[in-house]
Each structure stands twice: as structure tokens, then as C-alpha cells.
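Trainee: Here the protein sequences line up with chains A, B and C, keeping their order. Residues in the first sequence are numbered from 1 upward in steps of one, following our numbering. Residues in the second sequence are numbered from 1 upward in steps of one, following our numbering. Residues in the third sequence are numbered from 1 upward in steps of one, following our numbering.
Some hints could be false.
[As the list claims (entries may be wrong)] 27 angstroms max Cα-Cα, derived DSSO-like pairs, lysine-lysine:
(1) C/40 to A/165
(2) A/268 to A/165
(3) A/94 to B/217
Simulated from the structure, these hints should not be mistaken for laboratory data.
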Amino acid sequence: MLRRVFSKLLAFAVLFSLLLAACAPQTVVQTVEVPKEVVKTVEVQVTKEVQVEVPAEPGSLRMWAFFDLTDTQDRRPVQLKQIIEAFQATTGVKVEYEQVAWDQMATKVAFAHQAGGDLPDLILIGAEYLDGLINAGALRSIKKEIEGTPFYNDLNEFEKKLNEKTGDRFAVSTFINGGQWYYDTEFYPEGFPDTEEGWFSACEKLAPQGKYVATFFAGRHPAAMAQGLAPLVWSLGGTIFNEKGEPNFASEEMVKALTFWRTLLEKKCVPEIAFTGDWTATEGPFIERTAGAVRGGTWSYIYIPGLKERFEAGTVKIGNPPALSGGKQGYVFMGSDNWAVTAGAKNVENAIKFINFFFTPAVLAPWADANYGVPPTKSAMDNPIFASQFYKDSLDNLTRNAHPTEVSPYYNETMDALSAKVQELMLNPDLDILQEMSKLQEQLLNQYFK
Amino acid sequence: MSRRKLVESVLINAFLLLFCLIILFPVVYSFLVSFHEPKTAFLSILPQRWTLENYARLFRYGQFPRYILNSIINGVGGAVVTTIAATLTAYALARFDFKGKGAIEAFILGMMMLPGLTNLIPILKIASDLGLLNTYTLMILVFGAYGVPLSIWIMKGFFESIPRVLEEAAAIDGATPVQTFLRVVLPITTPGLIATLLINFVYNWNNFLTPLILINKTSMKMATVGLFDFQHVLEGNQDELLAAACVVIMVPALVLFLRLRDYFLQGMIEGAVKG
Amino acid sequence: MKSRGGIYPYLLTLPSLLLIFAVTLYPSLYSIYMSLTRSKHGVTEFVGLDNFRRILNTTDFYQSLQATLIFTAFYVLFTITIAYAIALMLNRGLRLTGFYMTIIFLPWVLSEITTGVVWRWMFYPKEGIIQNLIAPLINNIALITRPWGAMIIVIAATVWRSISFAMLLLLAGLQTIPTEITEAAQIDGASGFGVFRYITWPLMLPTVVVTAVFILIQGINGVGMILSITEGGPGRATEVLGIMMYRQAVQYYNFGYAAAIAVLLLIINAILAAFYLRALRQESALAA
């Protein structure tokens with residue numbers, strides 16, 4: 001009996017080793033297959049705008065992005081696949097595409113960079129991960145290349161605010177998104193309150209009914225601080241980092257911002273889950289209509305169930321972000337998904353060529369739309385798609401309220417430490433805010449900056 | 001059986017059954033979630049309408065079947081490498097009294113206790129120097145090495161339980177040491193070999209962090225990493241789909257374990273108790 | 001008498017040693033070197049013990065150390081206690097022993113990432129099935145959102161996954177105790193507790209220690225379960241040293257810093273390993 005089982009297992013093992021040997025050569029290069037009909041349609045659209053020279057030896061381009069190109073349900077991977085195919089057909093460059101989950105992209109690039117090699121040429125990456133990678137030395141400056149492109153002068157102010165913060169440039173945005181407050185008109189027929197006082201007077205009416213003024217994610221995540229806490233501090237003229245990028249958040253403004261959050265929690269103006277849950281959990285009360293507003297982003301249009309329908313029906317609108325008492329105005333953060341070239345890229349020329357190809361209005365406008373973001377160029381913005389109510393309101397919101405994220409060599413570390421501390425402060429109202437923040441700031445300075 | 005013993009036995013069995021229910025619950029629960037319709041996972045324990053749609057979607061999206069194939073290749077390959085290397089070493093440690101044996105044993109035991117995460121960067125570096133990135137060879141070698149220390153202990157336990165008389169008899173009959181090992185010793189330790197293969201396969205199959213860092217190619221990913229991608233690539237809250245992916249990853253390990261339970265248990269006893 | 005075997009044993013151990021060297025030892029030594037370096041803007045510089053100084057000067061480290069100690073202490077205590085109780089019951093040779101063993105062993109063959117997801121679901125605030133079951137008992141607080149609650153959940157989940165292994169070790173130990181001894185004691189009039197206290201327990205103590213240390217080492221190094229259930233939160237409540245290292249490497253790309261935490265973990269492990277080896281030697285001395 002034993003021998004039979006064993007020989008079976010062994011046979012299996014041998015079989016798989018054979019299979020392995022058979023598979024090995026195939027897996028070295030995987031290129032996207034080009035079905036002819038698809039290429040033709042896209043080609044017709046795009047070749048009118050760009051004349052790309054076909055060099056003698058076009059070479060290849062290794063690309064990492066977070067889409068599953070076999071997914072036909074989502075517009076984004078479908079478009080990216082068509083763009084890649086059209087690019088291959090017009091330039092002859094072979095694109096080797098790999099899917100990497102969006103929140104693993106930076107990690108994998110950093111690990112590969114540290115291990116000294118095997119980096120892709122071009123990556124699609126969220127703005128929040130750029131600083132970490134730039135500081136790890138994993139990205140290549142593309143200031144010169146981008147400034148030399150035909151579309152450089154076409155880039156709008158948002159794009160430049162995002163990617164030219166330090167004077168150098170490591171990425172180019174494929175669309176701009178940002179924080180956005182969506183409110184329910186049944187809760188707020190006269191508009192969403194955008195001041196601290198306004199929130200508390202709304203709370204007096206809503207809390208007794210077991211309803212919330214708003215819900216937002218303020219839990220353990222660096223982005224929760226960048227999108228939720230920092231805008232409140234900004235509204236009073238404060239900052240999280242000084243000009244050198246060192247934390248200076250142990251401030252009066254921070255105390256006011258956190259006192260605001262604590263009071264909201266204490267008076268049950270916001271659900272507790274805002275401070276303890278995760279991203280999707282905090283959206284629950286808005287979906288169930290127990291919260292009158294939700295802080296999301298332009299992307300929430302796809303991600304929050306029912307939001308799009310409610311917006312189109314006119315029962316949900318885009319409001320202004322809240323400002324703290326004494327502040328001039330509220331803010332929302334700005335974000336984007338960007339093309340960036342890695343420090344170890346072997347095919348920089350092809351990467352730039354691809355970016356150029358990508359930045360034709362015919363490609364860019366539908367791409368930004370599929371992401372529910374605003375296009376990064378003026379000409380793409382002229383596309384009639386962006387005349388819809390959603391884009392008009394989003395653009396209006398970003399123009400008035402968007403604030404670029406701050407810059408620091410230890411941005412992630414600081415924001416993450418801040419989020420852990422804030423959670424502690426929210427769950428334990430006896431802790432002194434200024435004292436705890438000073439301790440944390442001191443520790444971060446010693447731990448990383450000195 | 002006395003009355004007291006009967007009562008005792010009933011009580012103990014009742015307690016153990018309850019305990020088994022508690023142990024089983026999370027596993028059963030993930031199966032149940034996977035049969036719910038989208039966005040209904042937490043409305044009721046049992047699905048209001050049972051559906052296989054999540055499984056259908058799982059295999060429609062992306063390259064999940066391919067990921068499973070990769071997991072099998074890397075898992076089996078790693079287990080085979082581990083078993084071969086560990087069997088030879090265990091035999092040496094069980095049968096010979098050579099100089100430096102104590103040091104080697106202590107060294108192998110010590111290697112079981114290293115925290116593995118930071119090792120991945122050097123491994124990535126070596127692999128990239130050798131041009132082994134994103135190959136089955138790399139994963140099989142890495143998995144193969146991971147399993148070696150524990151497997152040596154398992155196999156050593158099995159070898160030590162074999163009476164030496166058999167080998168001595170074979171030697172007297174004129175068999176060479178290699179013949180003795182292959183024809184006499186190995187067949188008797190078949191349960192040990194099966195146990196080692198199984199335990200290592202399950203360890204490799206379940207590994208997440210190693211393939212996450214070492215594999216950069218979609219077509220080479222393993223199922224556990226694919227599961228993670230599902231969590232992050234798909235829009236919104238799709239717990240039901242995630243549950244289906246969890247179940248697909250759980251089932252092979254469950255089936256192997258349920259069918260070949262005694263090998264697992266004996267292997268673990270040999271490895272951890274007698275080692 | 002064992003033979004010396006000439007060159008054979010060395011040849012036979014070679015493949016294993018080569019594998020271990022390439023995939024475990026060399027990378028570990030390399031990561032010790034990394035712990036002495038710092039990488040900024042792509043330039044790696046040697047900084048000596050600076051990473052260690054920085055780590056040991058933060059309160060975060062001591063918070064994590066504390067979380068690690070609380071986590072492992074309760075985890076080991078509960079795992080051993082429950083596993084021992086189950087092992088004692090199974091040692092009576094019940095008819096359903098095989099069935100029980102199968103069920104108890106299931107969690108062990110499943111991956112941390114899949115089972116962690118399920119545990120998270122069970123404790124989702126408002127929706128989690130176990131959360132809703134216990135909510136009336138704990139003032140309707142969402143357990144996973146409280147520092148102590150999250151700790152309880154990750155301990156429960158890890159215990160759930162490790163009981164089988166500890167139980168197996170302890171059962172194997174129990175079975176080495178000859179039944180004649182306990183039977184003789186019972187005939188002499190010893191109570192069930194007396195047999196346990198004066199015969200089983202002293203004989204089992206070395207096995208218990210070996211099991212405990214083994215479980216402890218797994219607990220200190222294993223982060224998968226905590227990572228997939230709480231990611232170290234809320235606050236830093238469940239951020240054990242392993243998670244702290246994970247964050248530094250995987251989230252912040254401070255590889256030198258992460259390697260330094262790994263070295264500290266290594267030292268803790270080495271101390272435990274020394275205990276383990278000593279306990280093991282005592283156990284085999286007793287068994288002989």
C-alpha cells in the first residue's frame with residue numbers, strides 16, 4: 001500500500017519536473033498578443049496625431065502596472081491593452097507587461113532596486129508612493145526628457161503642482177484626482193457645511209436621530225493622515241513638515257484639528273468606525289444613508305457602491321471641504337496615477353516614446369475618464385467628455401480646494417507613525433495631544449532625520 | 001465499563017466535539033461566504049441564494065488557473081528537492097558517527113530559527129546575478145532549502161527507527177552501501193518520504209511572502225499572491241470573490257491532508273518529538 | 001556501534017549544507033552586514049551601529065517589544081494549556097481519536113493568509129458574525145477596534161492555528177509514559193489529580209518545555225496571522241517586532257533598519273534556541 005502511494009507521488013513529481021522543463025523557455029519573454037482588428041481601430045485614432053519614427057531596431061519595453069489586462073469588465077485595463085497594442089504596432093517596440101498590485105508596486109520596485117537589477121523600465125504608480133521611491137533612489141529623473149516632449153507646454157497647472165514640487169521631475173501624471181466631499185441633499189438641502197461651526201450645528205440636529213454629519217477614513221494608514229488630517233491643519237495655515245521636510249506637526253494647528261476630531265467622536269457626529277475601521281468599512285454609513293456625507297476622491301465615483309447613480313439622480317452633490325474655526329478655507333489633497341521611469345531602466349528611450357504616445361489627447365482623454373480623473377493636459381481637457389456635471393463639479397472642487405501633498409524624505413514613515421498615534425489619541429481621550437505629538441515628533445527626528 | 005467511566009467518556013466526547021466545532025467553524029465559514037451572492041456575505045450565515053458565480057468569476061479574471069499551476073510546480077519541485085537533500089543528510093546523521101556531526105546538527109537546528117524576511121533581498125540579489133529571476137528553478141531551490149532543516153529531523157527519526165540488522169545483513173550478502181541504501185533502507189522508510197514530501201508541499205503551497213517578493217512576472221505568480229492581488233485590484237468590497245479564492249487555495253491542502261493524514265501526523269511526530 | 005563511514009557522511013550532508021548556505025546562511029550574514037548600512041537616494045553607506053542606536057532610542061521599539069512579550073506569553077500559555085488538556089483526553093484511547101485529530105489538525109495545513117482573512121471577517125465591526133454574537137456581552141464595542149480586543153483576536157487566531165502542533169508533541173510525550181506506572185498508582189489509591197500531579201506532570205515537564213519553546217520561536221518569528229488580521233493596529237497595539245520589521249522593509253524600504261530589527265530578533269531567537277537545546281538534552285537524558 002505504502003509503496004503504491006509513494007510511487008504515485010513520485011510519478012507526480014517526475015511529471016511536474018518534466019512540465020517544468022517544458023515551461024521554462026516559454027516564460028522568459030511574455031509579450032502582449034496583438035489581435036489585428038483591435039490594433040487597426042486604435043491605430044486609426046492615434047496615428048493622426050503623432051508621427052513616431054520607426055528606428056531600425058525598436059527593442060523592447062518592460063512595463064509594470066496594476067491592471068489585469070485580461071479583465072474585460074473594467075474600462076481601464078481594456079484601454080491600456082489597446083494602447084499597448086497600438087504602440088507596438090506603430091513603433092515595433094515589444095512591450096513586456098507585468099501586473100503588480102497597486103499597493104505592492106513601490107515595494108517590489110524598491111526591493112528589486114536594492115537587490116541591484118531586474119527592474120522594469122516604466123511603472124504606473126500612485127502619487128503617494130513616489131516620494132518613498134525617489135528617496136530610495138529607485139526612480140530616474142525625467143525632467144530633461146519630459147521638458148523636451150511636444151506635450152510639455154500642454155500640461156496643466158495641476159500636473160505641474162504635483163510633479164514639479166521640488167524643481168526636479170520623476171514622474172508624469174496620467175490624470176489628476178483628489179479628495180472630494182460627497183454629500184446627500186436630503187441631509188443638506190441648503191448645501192454642505194464647510195466650517196467647524198457648521199458641522200457642529202448640523203450635528204445637533206442629526207446626532208439625536210442616530211445619524212452622522214459625515215463619515216471619512218481616519219484610521220491606521222499613512223494616506224488617512226494625508227487625506228484627512230493634513231487638510232485640516234492646512235486650513236489653519238499649519239503644515240505637517242517644514243521646508244526641509246522635517247516633521248513640525250507638534251503645533252497649535254494640530255491640537256485644534258485633533259480636538260475637532262475628538263469632539264466629533266464624543267458627540268457622535270461621525271461614526272467611531274471612521275477612526276478604527278478600514279477604507280471600505282468607513283464608507284458603509286454613507287452607503288446605508290446614516291451619514292450625510294463621505295470624504296472620498298474623484299475615484300470614489302467607481303468605488304463607492306451606488307454613488308454614481310445617486311449623483312446622476314441629483315441626490316448626491318460635491319461640497320466644499322470643512323475649514324477649522326478661524327481658518328480661511330478648507331482643502332482637499334491632490335493625487336494621481338503616474339508614469340515613472342526606474343533608475344535601472346535599460347530602455348529609457350522606449351519608455352519616453354511610450355509616454356509620448358500615451359500623451360496624445362485621443363488616448364489621454366478616455367483614459368482619464370475611465371479613471372474618473374481630470375486629464376493632465378489642456379488639450380485633453382477640451383474633450384466633450386469632461387463637460388458632464390461630474391467633471392465640471394470635480395474640476396471646480398480641485399481648482400478651488402486642491403492642495404499638493406507636502407514633501408519629506410521620510411514621508412511614509414512620518415505619516416504612518418502619525419496615524420498610529422492619532423488612533424491612540426482618539427481611543428484614549430485622556431492623553432494630552434500636544435504632549436504626545438511633541439514626543440512623537442522628537443522621536444521621529446531622532447529616528448530618521450538626525 | 002463502570003457507570004463513572006461511562007459518564008466521564010460521554011463528557012469528554014461532548015467536550016471534544018464542541019472543541020472540534022470551534023476549530024472547524026472558520027473553515028466552514030469561508031466556504032459559506034464563497035457561495036453568497038455579491039455584497040450579501042454578511043447579511044446571513046447561510047447564503048439566501050446559493051451561487052457558484054464567485055468561482056466562475058475567479059477563473060474568468062486574470063490568470064488564476066495559471067497561478068495554481070505555478071503553485072503546484074513550485075510546491076512539488078521544492079518538496080522533491082528538500083526530500084532528496086534531507087534524506088541523504090538524515091541518513092548520514094542517523095547511521096554514521098563522523099567528526100563534526102554534533103556541529104552540523106547544531107548548525108541545522110540553528111538555521112530553523114532565523115527570521116526570514118530580510119533574507120529576501122540577498123536572495124533577490126543572488127538570483128538576479130545568476131539570471132534566475134522569475135524562473136521555476138529559483139523558487140524550487142529556495143523552497144527546497146527552506147524545508148531542509150525540519151525534513152532532516154523528520155527523516156532522521158524514521159531512519160533511527162529502522163533496525164540496523166537489515167543493513168548489516170545486506171552488507172554480508174555483498175551489497176554495496178549505495179545498493180543497501182536504495183534497496184533496503186529507502187523502501188522501509190517510504191512513510192517517512194511521503195510525510196516529508198507532503199509536509200513540504202503544504203508549506204510551500206501556503207507560502208506567501210517569498211513569492212510576493214521574488215516573483216515579478218504575472219505568468220509566474222503563485223496562488224497565494226494571486227489571492228492578494230484580488231484583494232487589491234478589484235474595485236470595492238468583494239469579500240465573496242475573495243472567499244472563493246481562499247477556498248480554492250485551501251482545498252488541495254485539505255484534500256491531501258484528509259486522504260493522507262497519518263503520514264502528516266507521523267512525520268510531524270518524528271520531526272519534532274524525536275528530533 | 002556506529003561506523004565512521006569515511007568520506008560518505010560528508011558527501012551525504014553536502015547537498016543540504018549547500019542549499020542552506022545559499023538560501024539561508026549567506027543571506028543572513030548579508031543581512032547582518034545590511035544592518036550596518038543605510039541607503040539614501042540610491043547611495044548605500046556604512047553607518048556602524050547607528051541603526052541599532054536609532055531603534056533602541058525609540059519608544060516604538062519598547063512598545064513593540066512589550067506587544068511581542070504580551071502576545072507570545074498569552075499565546076504560549078493558552079496553546080500549551082489547551083493542547084495539554086486535549087492531549088490528556090485523547091490519550092485515553094477514545095474511539096473517535098482519529099476523527100478528533102483530523103479536525104484539530106485542519107488549521108495547521110491551511111495558509112495564514114487565507115485563514116487570517118476569515119478571522120478578520122468574523123470580527124468585522126457591525127457585520128462580523130462572532131462580533132455580533134459577543135457584542136451584547138462587551139457593551140456593543142467592536143472588539144477589533146480596541147487595543148486589548150485586537151490583541152485577544154490575534155492571540156485567539158494564532159492559538160487556533162497552533163494547538164494541533166503542540167497537541168501532537170504533547171500526546172506523543174504522554175504516550176511514552178508507561179501505563180503500568182499510572183495504573184499502579186491508581187491501584188495504590190492515588191486520585192486522578194494525584195496521578196497527574198505526582199506522576200504525569202513531572203515526567204512530562206521536559207516535553208512541555210520543549211513544546212513551549214518551539215511554539216514560542218514560531219510565535220516570535222511568525223507575522224502572517226497578525227498581518228492579515230490587524231496589520232499591527234489599532235494604533236500600535238498588535239505591532240509585534242516582526243510586524244515592525246515588515247513595515248520598515250516592505251512599506252518604507254529602510255532595508256538597513258529592517259535588517260537591524262532582524263538582527264535583534266535573531267539575538268532573541270538565539271537565546272531561546274539555547275534554552276531549547278538545553279531542554280531537549282534534558283528530555284533525551286530523561287528518556288534514556
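Trainee: If any of the earlier hints don't hold here, list their numbers in rising order.
Mentor: Of the numbered hints, just 2 does not hold.
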